[in-house]
Amino acid sequence: MIYTKKSPALVIIGIVMMLWGWLNASGTIDGLQSTLQKSAFSDHTKVNEKFQAELRVATEIAQSEGKPAPEMKKPESKFDHAKALQTKFGYLFGGAFVLIGLFILSWKPSAGNLDYYISTVPGMALILLIAFVVRWGLDPMFGNWGKAVKAAGILSWDFAKIFNLNYVVMGILAGIVIVNVFKIPGWAANGVRTARLFLKTGVILLGTLYSAAELAQLGLLSVVMIGVFVLGSVWLTLLMGRRMKCPNSMTGVLSAGLGVCGVSATVAASPVVQAKSGEIAYTIGTILLWGVGCMFIFPTVGHILGMGPVQFGAWAGTGILNSAQVAGAALAFDPHGIETLKVAEIFNITRVLFLPIIVLWLAAWFVKHEESAVKVNLGEVLVAKFPLFVLGFIAMFALSSTGAFAPAGHYAGKYFSSAEVKESNLLKPKEIRALEAELPKMETPAETTALQGLIANRKIMTREDSQALKSAAKIKGLDELAKGAIANAQKAAKHDSKVIKNFRDWLAWLFSFGLIGLGMQITVASIKQAGGKPLIIGSVVGTLKAVGSLVVVLMFVKEFV
Amino acid sequence: MAINDLNAEMSAGGEPKGGPKFDRGHPLSIFVRDRNEDLSALLLAFLIAMSGIIFFG
Chain A
1 MIYTKKSPAL
11 VIIGIVMMLW
21 GWLNASGTID
31 GLQSTLQKSA
41 FSDHTKVNEK
51 FQAELRVATE
61 IAQSEGKPAP
71 EMKKPESKFD
81 HAKALQTKFG
91 YLFGGAFVLI
101 GLFILSWKPS
111 AGNLDYYIST
121 VPGMALILLI
131 AFVVRWGLDP
141 MFGNWGKAVK
151 AAGILSWDFA
161 KIFNLNYVVM
171 GILAGIVIVN
181 VFKIPGWAAN
191 GVRTARLFLK
201 TGVILLGTLY
211 SAAELAQLGL
221 LSVVMIGVFV
231 LGSVWLTLLM
241 GRRMKCPNSM
251 TGVLSAGLGV
261 CGVSATVAAS
271 PVVQAKSGEI
281 AYTIGTILLW
291 GVGCMFIFPT
301 VGHILGMGPV
311 QFGAWAGTGI
321 LNSAQVAGAA
331 LAFDPHGIET
341 LKVAEIFNIT
351 RVLFLPIIVL
361 WLAAWFVKHE
371 ESAVKVNLGE
381 VLVAKFPLFV
391 LGFIAMFALS
401 STGAFAPAGH
411 YAGKYFSSAE
421 VKESNLLKPK
431 EIRALEAELP
441 KMETPAETTA
451 LQGLIANRKI
461 MTREDSQALK
471 SAAKIKGLDE
481 LAKGAIANAQ
491 KAAKHDSKVI
501 KNFRDWLAWL
511 FSFGLIGLGM
521 QITVASIKQA
531 GGKPLIIGSV
541 VGTLKAVGSL
551 VVVLMFVKEF
561 V
Chain B
1 MAINDLNAEM
11 SAGGEPKGGP
21 KFDRGHPLSI
31 FVRDRNEDLS
41 ALLLAFLIAM
51 SGIIFFG
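If you read the protein sequences in the order shown, they are chains A and B. Just so we're aligned, residue 1 is where the first sequence starts under the working numbering, counting upward by one. Just so we're aligned, residue 1 is where the second sequence starts under the working numbering, counting upward by one.
Calculated directly from the structure, the hints in this document are not laboratory data. No incorrect hints appear here.
One-sided and incomplete, this derived list gives chain B residues near chain A with beta-carbon spacing under 7 angstroms:
| id | residue |
| --- | --- |
| 1 | E37 |
| 2 | D38 |
| 3 | S40 |
| 4 | A41 |
| 5 | L42 |
| 6 | L44 |
| 7 | A45 |
| 8 | I48 |
| 9 | G52 |
| 10 | F56 |
| 11 | G57 |
Label-pair distances were calculated between CB atoms; the ranges are:
| id | chain 1 | residue 1 | chain 2 | residue 2 | range |
| --- | --- | --- | --- | --- | --- |
| 12 | B | I54 | A | E420 | 17 to 25 angstroms |
| 13 | A | A487 | B | M50 | 35 to 43 angstroms |
| 14 | B | F55 | A | T462 | 26 to 34 angstroms |
Just so you know, even glycine gets a beta-carbon here, dropped at the ideal spot from N, CA and C.
Next comes chain A alone, as it looks inside the complex (with noise of 0.2 angstroms):
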């Protein structure tokens, strides 16, 4: 059988992107991408201006010399990098596409390896160029229209950060939509194919972004309440669905999303269970949905109760089951300060880190499940049906873990670090001198000790005197040279690990092409299909974890944390 179908597509997706790409290169469009990308074009603004003033001082030195002009390199603004990324994806990748396109309509195919490798490359030319369209325009525009209609006061709250409408949810929206209006075209369908391979490929890299000393450093509390909760209402959704009789992989995929922490659990454990893709959306739509509900309803209880920054950040980062809107409802809670929203993403934090036992857990129930009907050994079964990319995903955490990709204290790449410190970052003698006029209102001797730190070395020596300066910078009628001072101290000290930073960009496009190929196979009767039940199961969990993990926090957050 031939596989690869005769179709100009792929040589006209290639002429496009290439076409993206020179218009980067030539400028064309820098009005339209300096719109897009306000704040690397702001970033891009300072630095021409920085530049522009060292060149003139410097010119001037020269000639009062009576030397020639100086040549400077102008340095690479983010704006810059991110035009230099697209001109590159655009001529990299439409170049391969024109070229693979003439091959195929000029080529006679035959029944064989390279037929079958070929006939995938059309459908994934399609949906990069959506990944291209939906990174590179709809993720910055909305995320632009949100700050925009906060601003104008015609909302209070940012609607594309509180609906999620970054790349990941457009990319499967997208996808829903190419798919129900337009059909995926006969060309496209084996390319599309391929997107779960890089789902599970994004999944494992996901490891890399999280390290066990992380743990250590959350405390008990957060670590045995977040525990219970997370395990608690996998268990509760496993068991409903069982009892109201909802397919397994509806059921598992359900009770990843309710229990760790919404869409990247429900990705993740959706080939563990098998899920179908209907039931995958079901699922985000439902967490989402469930999400905002509790984005309003939080901070009103909170307020009502009289519940203090601590409480209110633990009972949000245990109850609220996406962290979008965690830092939502924190937010709302408590606008003007950060204490509630730290909370809050501590026990969001301890969350993500259950994902590995989950989905195991739910590995090892699946497999239990779908062959009861037969008497098979669990242990042999789960040898042979194991998912091995979730191995891999542990793996992956245990290098992140042992400090393979960034200082094993990291959490998502940021690490502490007094020996990077750059001597321009050092503080300056004004600084020095505001900071030991404030020595006298340290309120505790740690903080005191910090701050003797701070002043004797000129930048943070550890992370433990970073927390005392954390707390110290919070003292009321402190000078606020001095709170900068501290707050660039602990600006300076604090890292990002560039391999991680190239992970994190690795992964959003592989979530994107996965997520795009996902959405192209949610169907609008696939969803009808999934039912009422999984919604039922989810406002029964989500209600129980909200009210319990409510009853937890007013009983023992305030002698805990």
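Keeping the supplied structure of chain A fixed, place chain B upon it in accordance with the hints.
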């Protein structure tokens, strides 16, 4: 091939049912639901991880 068929193929079980399909034993069976897909994902992820360490570490 209708997308619903594709949907059915790629979901539960993942064994292709009708329409164009890849043979299970074929090298390209990495693209159907199979351990090969997991192995390919593992290989790809570790290649990315290694290149990350080599080029940016």
